[in-house]
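J.: This is what each chain is made of:
Protein chains: 2
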Amino acid sequence: KAELRTRKPGWNIRASEMSKNTLNPIRAIVDGMKLTPNPDKAMIALSIGDPTVFGNLPTDETILQAMKDAIDSHRYNGYAPSVGYLQSREAVANFYSCPEAPLEGKDVILTSGCSQAIELCISVLCNPGDNILVPCPGFSLYKTLAVSLGIQVKLYNLQPEKSWEIDLEHMESLINEKTACLIVNNPSNPCGSVYSKEHLQDILAVASKHCIPILADEIYGDMVFPGYSCHYMAPLSRDVPILSCGGLAKRWLVPGWRMGWILIHDRNQTFGSEIREGLVKLSQRILGPCTIVQGALESILNSTPKEFLDSTISFLKSNSELCFSALSSIPGLTPVRPSGAMYLMVGIEMEHFPEFRNDVEFTERLVTEQSVFCLPATAFEYPNFFRIVVTVPEDMMVEACSRIREFCKTHYRPDTQDTSDPDQ
Amino acid sequence: KAELRTRKPGWNIRASEMSKNTLNPIRAIVDGMKLTPNPDKAMIALSIGDPTVFGNLPTDETILQAMKDAIDSHRYNGYAPSVGYLQSREAVANFYSCPEAPLEGKDVILTSGCSQAIELCISVLCNPGDNILVPCPGFSLYKTLAVSLGIQVKLYNLQPEKSWEIDLEHMESLINEKTACLIVNNPSNPCGSVYSKEHLQDILAVASKHCIPILADEIYGDMVFPGYSCHYMAPLSRDVPILSCGGLAKRWLVPGWRMGWILIHDRNQTFGSEIREGLVKLSQRILGPCTIVQGALESILNSTPKEFLDSTISFLKSNSELCFSALSSIPGLTPVRPSGAMYLMVGIEMEHFPEFRNDVEFTERLVTEQSVFCLPATAFEYPNFFRIVVTVPEDMMVEACSRIREFCKTHYRPDTQDTSDPDQ
Ligand SMILES: Cc1ncc(COP(=O)(O)O)c(C=O)c1O
Ligand SMILES: Cc1ncc(COP(=O)(O)O)c(C=O)c1O
Numbered sequence: 001k002a003e004l005r006t007r008k009p010g011w012n013i014r015a016s017e018m019s020k021n022t023l024n025p026i027r028a029i030v031d032g033m034k035l036t037p038n039p040d041k042a043m044i045a046l047s048i049g050d051p052t053v054f055g056n057l058p059t060d061e062t063i064l065q066a067m068k069d070a071i072d073s074h075r076y077n078g079y080a081p082s083v084g085y086l087q088s089r090e091a092v093a094n095f096y097s098c099p100e101a102p103l104e105g106k107d108v109i110l111t112s113g114c115s116q117a118i119e120l121c122i123s124v125l126c127n128p129g130d131n132i133l134v135p136c137p138g139f140s141l142y143k144t145l146a147v148s149l150g151i152q153v154k155l156y157n158l159q160p161e162k163s164w165e166i167d168l169e170h171m172e173s174l175i176n177e178k179t180a181c182l183i184v185n186n187p188s189n190p191c192g193s194v195y196s197k198e199h200l201q202d203i204l205a206v207a208s209k210h211c212i213p214i215l216a217d218e219i220y221g222d223m224v225f226p227g228y229s230c231h232y233m234a235p236l237s238r239d240v241p242i243l244s245c246g247g248l249a250k251r252w253l254v255p256g257w258r259m260g261w262i263l264i265h266d267r268n269q270t271f272g273s274e275i276r277e278g279l280v281k282l283s284q285r286i287l288g289p290c291t292i293v294q295g296a297l298e299s300i301l302n303s304t305p306k307e308f309l310d311s312t313i314s315f316l317k318s319n320s321e322l323c324f325s326a327l328s329s330i331p332g333l334t335p336v337r338p339s340g341a342m343y344l345m346v347g348i349e350m351e352h353f354p355e356f357r358n359d360v361e362f363t364e365r366l367v368t369e370q371s372v373f374c375l376p377a378t379a380f381e382y383p384n385f386f387r388i389v390v391t392v393p394e395d396m397m398v399e400a401c402s403r404i405r406e407f408c409k410t411h412y413r414p415d416t417q418d419t420s421d422p423d424q
Numbered sequence: 001k002a003e004l005r006t007r008k009p010g011w012n013i014r015a016s017e018m019s020k021n022t023l024n025p026i027r028a029i030v031d032g033m034k035l036t037p038n039p040d041k042a043m044i045a046l047s048i049g050d051p052t053v054f055g056n057l058p059t060d061e062t063i064l065q066a067m068k069d070a071i072d073s074h075r076y077n078g079y080a081p082s083v084g085y086l087q088s089r090e091a092v093a094n095f096y097s098c099p100e101a102p103l104e105g106k107d108v109i110l111t112s113g114c115s116q117a118i119e120l121c122i123s124v125l126c127n128p129g130d131n132i133l134v135p136c137p138g139f140s141l142y143k144t145l146a147v148s149l150g151i152q153v154k155l156y157n158l159q160p161e162k163s164w165e166i167d168l169e170h171m172e173s174l175i176n177e178k179t180a181c182l183i184v185n186n187p188s189n190p191c192g193s194v195y196s197k198e199h200l201q202d203i204l205a206v207a208s209k210h211c212i213p214i215l216a217d218e219i220y221g222d223m224v225f226p227g228y229s230c231h232y233m234a235p236l237s238r239d240v241p242i243l244s245c246g247g248l249a250k251r252w253l254v255p256g257w258r259m260g261w262i263l264i265h266d267r268n269q270t271f272g273s274e275i276r277e278g279l280v281k282l283s284q285r286i287l288g289p290c291t292i293v294q295g296a297l298e299s300i301l302n303s304t305p306k307e308f309l310d311s312t313i314s315f316l317k318s319n320s321e322l323c324f325s326a327l328s329s330i331p332g333l334t335p336v337r338p339s340g341a342m343y344l345m346v347g348i349e350m351e352h353f354p355e356f357r358n359d360v361e362f363t364e365r366l367v368t369e370q371s372v373f374c375l376p377a378t379a380f381e382y383p384n385f386f387r388i389v390v391t392v393p394e395d396m397m398v399e400a401c402s403r404i405r406e407f408c409k410t411h412y413r414p415d416t417q418d419t420s421d422p423d424q
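Protein sequence lines, in the order shown, are assigned to chains A and B.
Sequential numbering from 1 applies to the first sequence in the numbering used here.
Sequential numbering from 1 applies to the second sequence in the numbering used here.
In short, the hints are calculated from the structure, not lab data.
Wrong hints could be hidden among the right ones.
Same chains, same names: a pair is fine if it fits in one copy or spans any two.
Claimed, not checked - Below, a list of computed lysine-lysine pairs in the BS3-like style, where the Cα atoms sit at most 25 angstroms apart: (1) K209 x K306; (2) K154 x K209; (3) K178 x K154; (4) K154 x K8; (5) K409 x K197; (6) K106 x K34; (7) K317 x K197; (8) K20 x K106.
Next up, chain A with everything else stripped away, as it sits in the complex (with noise of 0.2 angstroms):
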């Protein structure tokens, strides 16, 4: 009764700390912004990470059926074990193991999608106070989470001008006695870019220096443009531990189906069974991905024909390069060749548009004027560029670029120093 007399009267109800701290810098980003259309033009988004929105990806009738198949066997209505049915991690491992990073069903962990997979590594490998490396730019969600877990997150550097690749010296100046986790996103969102062996092997070299584990988010595994070649981090190092994260929502087309993984490559017992345990332990809270995609997965895997992929990469590549020298051409934007992924991220000389403050003012007039809406890479923590997504059917693509190219037209001034300072 004591007790009872200290509770305040009345209702006095607040939302969490943790749910306060969970922010999204995109929503936050996009919400303050005025994105109101040129009414004389059919509004273009080149912002939307989805594939499937504009309805020139669909997926394959393949991996259709391979859910209708699971649909009439009847056998995947019940719980599945919390980390996935074993004959589906089953799938999955056969699917990616390789002789200098083998893989069985119990070093994968299937997730509500490749963002789950992400916060399970993130949890297991990560005290509130520790710190993680994280890309920038890179994609929302490392930071997202981390600092609702009060993780602290260090942002190393990445160089547009060698291709997005790592600045290594920054990133292990970052280090310290409180770094959890380094993790490498490759192929690359924001980016597009696509690493090299050589870089790779560099990166795991300051892991192993420093004993960091890696988590290597490669959802975009594979979408690599022809001429370049997709290298997975695990079967590079002999003696860094990599958790890689993964899913079909991008390679696969389906990223609303919620299925991601998490394969665990250990070296020498380092992760140990600990780490094992801690995944198995964090999947209990929710249960796993929907069993009909777990039923359907093994078939999607292995049956999916491969000019699927090789034709969605072919249009990827062809969207991109379109995008890219349309946009070279352009006075006052600097985009960067993507190799993979979906995306591309263009540069704006800002003292060449004396008009924009920033990125987010850049885009947000070139909705007002044109109608074409590009993310600002200030999402990305990552000022005065912004991000295209290639996935746009060409037509609009080719329009689009063109509307960005008036666009410039209008603002762009040759020299700043004179046209803002016209007394001198």
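Following the hints, complete the assembly by docking chain B with the ligands onto the known chain A.
T.: For chain B with the ligands alone, coordinates are given in the frame of chain A:
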């Protein structure tokens, strides 16, 4: 560089505190049991809370067809909003809306199973150091989630002799200034109890008096035997804000599909925009349930024939009556008659079974001798009881009950004093 030197050399990867604190009492207890069945008798598991495992309770064809239609529509492969498609949310709102507790699409958040619904509700209402009131015996996930988030669990007593009604005085005595939420599970796992309107009103009165929001776990909503009626909590209160958690798992018999929801029943803006926005933010961590199930949801809710639910219920009722009356006549056991859900709790008069120290030893030996496995209720923090799942086929239920009878006959001692001390 100074920083670098402080890092300990060598690999030293530890699982996080949070993962270590994600404890699953059922696993902990079951994994510690020696479960070696009698080789002469086929194993009968009365322990599995998955109604689909024996094949006698298939889901309805309408439900499977709705899934196949969603697949064939090609409309549900992309990302949905993280809280779910508006159309699917509206379908849930319409299904549960009533004049006393109206719901719109905006009041519904779709989640990855009822488990994630509970996780989001606890996460948004509580900070570390807060406490929540949880039924005892009760579903173990509440404690698993709370403890992992640093939230204290206070167990309030249910009263077997009053059909598991809450001991309201005890519950009220636990409330203090740090009490952030009251969890009510009705109908109940593991009790199979269904509360009367009056009892629910009494619970609401306590919540109202102390201004504590309610998390109503109503996943077994409407799964109530003929003669009883199922009352949801929200329509019974005008001032207590309620988050009601539910999903497709039980009533529609597809637990693997991982479709759950939160119904936000605000009252006088007590939750306000803060709790709504907090839930939206938290949903962005893993981006919602599988879109195919979301696409099928409207049709599942509106087109599943009434006979499907009715026949499930009539099976559950007849099986639980059968089990209850069989066990009622066994000396030493005290089953509590259920009125809904899929469970039945059985008290063990331990003084008559002096060979066993507790429910864990009792149920362990029941496996060794009779190959019948019931979950010891220590897993629900309720020693000297065990839980029976009544979804098994009738013949197995009959056989299991007769084996339990044989087991009890073998081990029952009418008067413990005499047998335990033969020298007196
Ligand atoms: C780099 C990266 N990682 C992870 C994800 C999340 O994938 P999923 O939709 O499977 O959760 C995305 C989605 O855009 C991404 O770009
Ligand atoms: C009382 C209760 N709440 C919630 C759940 C979890 O439901 P779901 O499988 O939809 O996550 C269960 C599952 O057994 C349950 O018994």
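J.: All the hints need checking, so say for each whether the structure fits it.
T.: Now the hints, each set against the structure:
no. : hint        : verdict
1   : K209 x K306 : neither (39 angstroms within a copy, 64 angstroms between copies)
2   : K154 x K209 : within (18 angstroms within a copy, 47 angstroms between copies)
3   : K178 x K154 : within (11 angstroms within a copy, 34 angstroms between copies)
4   : K154 x K8   : between (40 angstroms within a copy, 19 angstroms between copies)
5   : K409 x K197 : neither (40 angstroms within a copy, 71 angstroms between copies)
6   : K106 x K34  : between (49 angstroms within a copy, 24 angstroms between copies)
7   : K317 x K197 : within (21 angstroms within a copy, 63 angstroms between copies)
8   : K20 x K106  : between (36 angstroms within a copy, 20 angstroms between copies)
Hints 1 and 5 from the list above are not met by this structure, while the remaining hints are.
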